[in-house]
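Student: In case you want the letters, here they are:
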Amino acid sequence: DAGITQSPRHKVTETGTPVTLRCHQTENHRYMYWYRQDPGHGLRLIHYSYGVKDTDKGEVSDGYSVSRSKTEDFLLTLESATSSQTSVYFCAIRGQGFEQFFGPGTRLTVL
Amino acid sequence: AQRVTQPEKLLSVFKGAPVELKCNYSYSGSPELFWYVQYSRQRLQLLLRHISRESIKGFTADLNKGETSFHLKKPFAQEEDSAMYYCALSGGTSYGKLTFGQGTILTVHP
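The listed protein sequences correspond, in order, to chains V and G.
Just so you know, my numbering puts the end of the first sequence at 112, numbered straight through with nothing missing.
Just so you know, my numbering puts the end of the second sequence at 1254, numbered straight through with nothing missing.
Hints were generated in silico from the structure; no laboratory data involved.
Be aware that a few hints might be false.
SDA-like mimics (lysine to any residue), calculated; alpha carbons at most 25 Å apart, straight line [said to hold, decoys possible]:
1) G:1241 with V:39
2) G:1241 with V:102
3) G:1153 with V:86
4) V:58 with G:1239
5) G:1241 with V:97
6) V:58 with V:45
7) G:1201 with V:96
8) G:1241 with V:61
9) G:1166 with V:98
10) V:12 with V:46
11) G:1153 with V:96
12) V:58 with G:1235
13) G:1241 with V:18
14) G:1241 with V:28
15) G:1217 with V:41
16) G:1166 with V:60
17) G:1166 with V:28
Calculated Cβ distances over 12 Å to all of chain V for the following chain G residues [unchecked claim]:
18) 1157
19) 1164
20) 1166
21) 1178
22) 1199
23) 1204
24) 1213
25) 1215
26) 1217
27) 1254
What follows is a set of in silico ranges between Cβ atoms, one per label pair, in the way DEER data are often shown [to be verified]:
28) G:1184 with V:42: 17 to 25 Å
29) G:1159 with V:80: 46 to 54 Å
30) V:89 with G:1154: 14 to 22 Å
31) G:1159 with V:52: 43 to 51 Å
32) G:1223 with V:58: 18 to 26 Å
33) V:84 with G:1156: 26 to 34 Å
34) V:73 with G:1189: 16 to 24 Å
35) G:1158 with V:15: 44 to 52 Å
36) G:1174 with V:42: 23 to 31 Å
37) V:80 with G:1185: 25 to 33 Å
38) G:1195 with V:19: 37 to 45 Å
Note that the Cβ used here is the ideal one computed from N, Cα and C, for glycine as well.
Model the full assembly from the supplied sequences, consistent with the hints where possible.
Tutor: Structure below.
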């Protein structure tokens, strides 16, 4: 499992509230990624990080922000949650090559 | 721009039958391609990478640059192969971003 954990695993929240998801890795990987998984869309990249305090936008970054103050933690924040952000969120790290290894996912429901 | 297309959303076969999950890509350079598998409500697991030319759980995939395809094949499907399968492409940049296809749900019937 490449030492990747995500918290919380499930969350239900209301429209307009801020939400922060955490990804934690134990193997000192430099590159980390946040994806969302939706039926018919596969996985889409939200944001990624290539080092502490180094982050950039992915394909579907609107409404999301990230922070990485330590190598092991990559946080995803929904600034004001909307129903369209109901999804399963996966964190990933990059391995030795270009393959990625994924966390267990967070199932988020925005009511 | 890079793009991955998996033309089949659903694929059903019977146990013991051959299975092929299609993946086509669009990329101007030399891509690195992967297949991932996701069993029900679990994390994605790396199944194959084209550069290693390995066979995992009986699955193989060959990169065909002429047809820009990376189809996943297994000669005799098993019920435990039922899962979602994603094809993914890396353009080889230093950031290592992956582009995923929409996924194919494989169901193997007894």
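Student: Now look at each hint and say whether the structure bears it out.
Tutor: Outcome of the hint check:
1. A hinted pair counts as satisfied when its Cα atoms are at most 25 Å apart, and residue 1241 (chain G) with residue 39 (chain V) qualifies at roughly 18 Å.
2. The straight-line distance between the Cα atoms of residue 1241 (chain G) and residue 102 (chain V) is roughly 12 Å, inside the 25 Å bound, and the hint therefore holds.
3. With a C-alpha separation of about 23 Å, the suggested pairing of residue 1153 (chain G) with residue 86 (chain V) holds against the 25 Å cut-off.
4. The suggested pairing of residue 58 (chain V) with residue 1239 (chain G) holds, with an alpha-carbon distance near 12 Å, which does not exceed 25 Å.
5. Between the alpha carbons of residue 1241 (chain G) and residue 97 (chain V) the distance comes to roughly 14 Å, so the proposed pair stays at or under 25 Å and holds.
6. Proximity of residue 58 (chain V) to residue 45 (chain V) is assessed by CA-CA distance (about 11 Å); at most 25 Å being required, the pair is judged to hold.
7. With a CA separation close to 21 Å, the supplied pair residue 1201 (chain G) and residue 96 (chain V) stays within the 25 Å bound.
8. For the hint pairing residue 1241 (chain G) with residue 61 (chain V), the CA-to-CA distance comes to about 13 Å; that is within 25 Å, so the pair holds.
9. As the CA atoms of residue 1166 (chain G) and residue 98 (chain V) are separated by approximately 24 Å, the hinted pair is consistent with the 25 Å bound.
10. Only pairs whose Cα atoms come within 25 Å are accepted, and residue 12 (chain V) paired with residue 46 (chain V) is accepted, the gap being roughly 20 Å.
11. Between residue 1153 (chain G) and residue 96 (chain V) the CA atoms are separated by roughly 28 Å; this puts the pair beyond 25 Å, and the hint is violated.
12. A hinted pair counts as satisfied when its Cα atoms are at most 25 Å apart, and residue 58 (chain V) with residue 1235 (chain G) qualifies at roughly 17 Å.
13. Between residue 1241 (chain G) and residue 18 (chain V) the CA atoms are separated by roughly 30 Å; this puts the pair beyond 25 Å, and the hint is violated.
14. A hinted pair counts as satisfied when its Cα atoms are at most 25 Å apart, and residue 1241 (chain G) with residue 28 (chain V) qualifies at roughly 19 Å.
15. Of the supplied pair hints, the one linking residue 1217 (chain G) and residue 41 (chain V) holds, its CA atoms being roughly 22 Å apart against a limit of 25 Å.
16. Taking the CA atoms of residue 1166 (chain G) and residue 60 (chain V), the gap is about 24 Å. The hint holds against a cut of 25 Å.
17. Pair hint residue 1166 (chain G) plus residue 28 (chain V) does not hold up; C-alpha atoms about 34 Å apart against a cutoff of 25 Å.
18. With a cut of 12 Å on Cβ distances, residue 1157 (chain G) stays outside the contact zone with chain V, its closest approach being about 22 Å.
19. The beta carbon of residue 1164 (chain G) is kept farther than 12 Å from every beta carbon of chain V, the shortest such distance being approximately 19 Å.
20. The beta carbon of residue 1166 (chain G) sits about 14 Å from the closest Cβ of chain V, which is more than 12 Å, so the claim that it is off the interface holds.
21. Against chain V, the non-interface label of residue 1178 (chain G) is violated: not every CB pair exceeds 12 Å, the least being about 6 Å.
22. With a least CB separation of 17 Å from chain V, residue 1199 (chain G) remains clear of the 12 Å interface cut-off, as annotated.
23. Non-interface status of residue 1204 (chain G) relative to chain V is upheld: no Cβ of that chain comes within 12 Å, the nearest being about 17 Å off.
24. No Cβ of chain V approaches the Cβ of residue 1213 (chain G) within 12 Å, the least distance being about 17 Å, so the stated non-interface status holds.
25. Every Cβ of chain V is farther than 12 Å from the Cβ of residue 1215 (chain G); the closest lies at roughly 17 Å, confirming the non-interface assignment.
26. Non-interface status of residue 1217 (chain G) relative to chain V is upheld: no Cβ of that chain comes within 12 Å, the nearest being about 20 Å off.
27. Against the 12 Å criterion, residue 1254 (chain G) stays outside the reach of chain V, whose nearest CB is about 26 Å from its own CB.
28. Look at residue 1184 (chain G) against residue 42 (chain V): about 19 Å separates their beta carbons, and that is inside 17 to 25 Å.
29. Between residue 1159 (chain G) and residue 80 (chain V) the CB atoms are about 48 Å apart, so this pair conforms to the stated range of 46 to 54 Å.
30. Separated by about 19 Å at the C-beta atoms, residue 89 (chain V) and residue 1154 (chain G) satisfy the suggested range of 14 to 22 Å.
31. Between residue 1159 (chain G) and residue 52 (chain V) the Cβ separation comes to about 47 Å, which falls inside the hinted range of 43 to 51 Å.
32. Distance hint check for residue 1223 (chain G) and residue 58 (chain V): the Cβ-Cβ separation is about 41 Å, which falls outside the suggested range of 18 to 26 Å.
33. Range check, residue 84 (chain V) to residue 1156 (chain G): Cβ separation about 32 Å, and the 26 to 34 Å hint holds.
34. Roughly 22 Å separates the CB atoms of residue 73 (chain V) and residue 1189 (chain G), a value that falls within the hinted 16 to 24 Å.
35. Hint check: residue 1158 (chain G) to residue 15 (chain V), Cβ distance near 46 Å, so the stated range 44 to 52 Å holds.
36. For residue 1174 (chain G) paired with residue 42 (chain V), a C-beta distance near 26 Å keeps the hint of 23 to 31 Å intact.
37. For the pair residue 80 (chain V) and residue 1185 (chain G), the beta carbons lie near 28 Å from each other, so the given range of 25 to 33 Å is met.
38. Between residue 1195 (chain G) and residue 19 (chain V) the CB atoms are about 41 Å apart, so this pair conforms to the stated range of 37 to 45 Å.
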